[in-house]
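Novice: Starting from the given sequences, assemble the full structure and let the hints guide the process.
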Amino acid sequence: MPESRFHERPALLQARGLAFARNEEPIFGPLDFALHAGEVVLMEGDNGAGKTTLLRVLAGLIAPSQGEIFLNGEPLTLARLSPQLALLSHQGGLKHDLTALENLRFAAGLHGQRRGLSPVSALAAVGLDGFGEVPVRQLSAGQKKRVALARVLLAPVGLWLLDEPYANLDRSGIELVNRLLERHAHEGGAALITSHGAYAYTSGTPRRIALRPDPAGTESQGDTIVENTR
Amino acid sequence: MRPGSTRAACLALLRRDLLLVWRRRGDTLTPLLFALIVVALFPLAIGAQMETLRPIAVGVVFVATLLAGLLALDSLFRGDYEDGSLEQLVVSPHPLALLLACKIAVHWLTTALPLIALSPLLGELLFLDPALRGLLPLALALTTPLLSLIGAVCVALTVGMQRSGMLLALLVLPLYVPVLIFGAGACNAAQMGLPYLAPLLWLAAGLVLALVLAPLACAAALRISTS
Amino acid sequence: MNTLTYWFHKLGSPPTFYRIATALQPWCYGVALVLGLIGLYGGLVVAPKDYQQGDAYRIIFVHVPCAWMGLFAYLFMAVNAFIALVWRIKLNEVLAMASAPVGAAFTFVTLVTGSLWGKPMWGTWWTWDARLTSELFLLFLYFGVIGLYNAIEDRRQAARAASFLALIGVVNLPIVHFSVNWWNTLHQGSTVRLFGPSRIDASMLWPLLLLAIATHLWFFGSVLARARGGLIELDAGKDWVRTLALAQSKPTASGVT
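Protein chains in written order, with our numbering: chain V, 679 to 908; chain W, 42 to 268; chain L, 133 to 389.
Treat the hints with caution; some may be incorrect.
Stated by the list, open to error - Derived coverage of chain W by chain V (criterion: at least 3 residues anywhere in the stretch with Cβ under 8 Å from a Cβ of chain V; other residues may be distant):
| # | region |
| --- | --- |
| 1 | 56–70 |
| 2 | 104–110 |
| 3 | 132–140 |
Said to hold, decoys possible - Label pairs and their in silico Cβ distance ranges:
| # | chain 1 | residue 1 | chain 2 | residue 2 | range |
| --- | --- | --- | --- | --- | --- |
| 4 | V | 700 | W | 254 | 28 to 34 Å |
| 5 | W | 96 | V | 700 | 51 to 57 Å |
| 6 | V | 745 | W | 254 | 30 to 36 Å |
| 7 | W | 175 | V | 750 | 55 to 61 Å |
| 8 | W | 92 | L | 341 | 31 to 37 Å |
| 9 | L | 345 | W | 234 | 45 to 51 Å |
| 10 | W | 87 | L | 247 | 21 to 27 Å |
| 11 | L | 173 | W | 245 | 49 to 55 Å |
| 12 | W | 179 | L | 370 | 56 to 62 Å |
Just so you know, the hints here were simulated from the structure itself, not pulled from any lab data. Glycine is no exception: its CB is placed at the ideal position from the N, C-alpha and C atoms.
Specialist: Listed below in structure tokens is the structure:
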């Protein structure tokens, strides 16, 4: 691993030969990469490249077909991962019948809350001040995304796995995501985000991993074709 | 960084699920109406005489409750699966079985408890033996939690599917057989003047067992079906 | 110990299993057929008439072995399901799912012969006898497993979910049997007594045992056949299937079959 020369500590999240197949149809991989604390990695790929599946594998929701994942150098289990993980999936995980604040209060109960943040202040941090009492059903798609981001922000965890965090967001929303990611990395957190390429993590110095839609199965993907802008 | 306690998580989940039911409180009436209609169909189908209805009253009320519960079962995880909150439960740092037990408890409180409360009325519609007026709700109170717990495991297995209704019935009903036999059997035995305590105790024992095992099985099933 | 795990691994690998299954399958079918015919001859022709039931009792020579197989197949499925869930072995998933339809078929035959037998005995096609009722719910359990397996798109996930249901069914089966027995005493239903209180005569026993062996072999033959199909489907992209397909298409291409 080339990273080991620069980082003494084991990577927060490391994948080796990671691959997933459904009904023997390869979805992604084999893939090698590492995610270190203080780092944001952008996973790029077209629709159907397996970004969402990869994220679900990394979140411990699906077992990979091949390869291993390590969390701080130890094999990944849901028990080790879950206290450190905030997951933003495609669906968002919000209850549409509840208000934004009620959703965040539940999230705080389930995952705990970050020191210095509360459901109210987290909502303000994503620019939804004053929308706390509005049922999520009445919010726009972009506003729903912001509430979901507030949930991620509120969780007292170091690892963010965000599936398409830029989708549905306006220009200021994209800037907001970038700002949140930058601050999270600055505070020693790490984030793996996916994007189909229309929006991008512009600020900071992201590492990129490209997922190709048609993995040949023989070549290794991931760090071999990472363009490190650092 | 302040990770939440498991107790706080369970309380938050209980509060959220109760709040959700409250926001859509009209929906809780559906199983009740269904049970009422099923019961009302019987006199129409076999005649409204007391001597034909009274012997089958217990059985019909039990089957109606069971079918209404089956109807309500589908909503146990569907909403959570569709909006992604089920995933959030799975990746939360708390024991999934415990969280699911909370969900099942709320589901039982909001679907089965009203049915138990309705059961005396259902019984009266079918000229239930007056001696069974107390026993029927008691037997239902022992059977319905079992039905919810066993049903939850099967719902967990079918959670990702589009049209799971018929399949769910196929999975659940064979598992319901012992519960139905003992629950309705206790009432029937009482009606015949036979001792009826043993089947109730069997149900209670089964309930204790299911309270411990069903949430664990439910969590395992959910991990399989969401992978 | 090491050789044991080695053989276990080797047997568990799809190509090896496929080869062995291909070799065993005709033997299972063949011996089952021969033993079955001898057993049927013994049961339907050689064995004497029952002094109470006349010729009607002869249906037990089909009914009883099938009833045993219905349970045996469930047990076989459950053991494979357990191994599949705990050690995630592909072969056991395939075997568990292969035995479900076969077991369901045996259970179905049991139910049909049981109700056929009821007609001359009680004049009705169906009696709510404890054993027949248990068999009925056993059939529903099989249908549940098969239905769940077919409803999930991902084959391996489907096999795991259905395996899990099969294991729940194992816990449930004795409870169903116990509760149905209790229910039967409550309702005083007529009970199907296969042999009555008297001991079975040796002239009836040997055909029964032969038929039991034959149904077991037939079961294994069809499970092997189904498992071969299942493995080919699962491993369609793998090299061993490709070589197999090439080897099979060659002789047909040159006109030799």
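Novice: Hints first: check each against the structure and report whether it holds.
Specialist: Going through the hints against the structure:
Requiring three or more residues with a Cβ within less than 8 Å of a Cβ of chain V, the coverage given for the region 56–70 of chain W holds, as 6 such residues are present. Counting residues of the region 104–110 of chain W whose beta carbon lies closer than 8 Å to any beta carbon of chain V gives 0, which falls below the threshold of three, so the coverage claim is violated. Counting residues of the region 132–140 of chain W whose beta carbon lies closer than 8 Å to any beta carbon of chain V gives 4, which meets the minimum of three for the stated coverage. Take residue 700 of chain V and residue 254 of chain W: their Cβ atoms lie about 31 Å apart, and the range 28 to 34 Å holds.
Roughly 54 Å separates the CB atoms of residue 96 of chain W and residue 700 of chain V, a value that falls within the hinted 51 to 57 Å. Between residue 745 of chain V and residue 254 of chain W the C-beta distance comes to about 34 Å, which sits within the given range of 30 to 36 Å. As the Cβ distance of residue 175 of chain W to residue 750 of chain V is approximately 60 Å, the hint placing it in 55 to 61 Å holds. Checked against the given bound of 31 to 37 Å, the beta carbons of residue 92 of chain W and residue 341 of chain L, roughly 52 Å apart, lie outside it.
As the Cβ distance of residue 345 of chain L to residue 234 of chain W is approximately 50 Å, the hint placing it in 45 to 51 Å holds. Between residue 87 of chain W and residue 247 of chain L the Cβ separation comes to about 25 Å, which falls inside the hinted range of 21 to 27 Å. Taking the beta carbon of each, residue 173 of chain L and residue 245 of chain W are about 54 Å apart, inside 49 to 55 Å as hinted. Range check, residue 179 of chain W to residue 370 of chain L: about 59 Å between beta-carbon atoms, so the 56 to 62 Å window is met.
The structure fails hints 2 and 8 (numbered hints given earlier, in ascending order).
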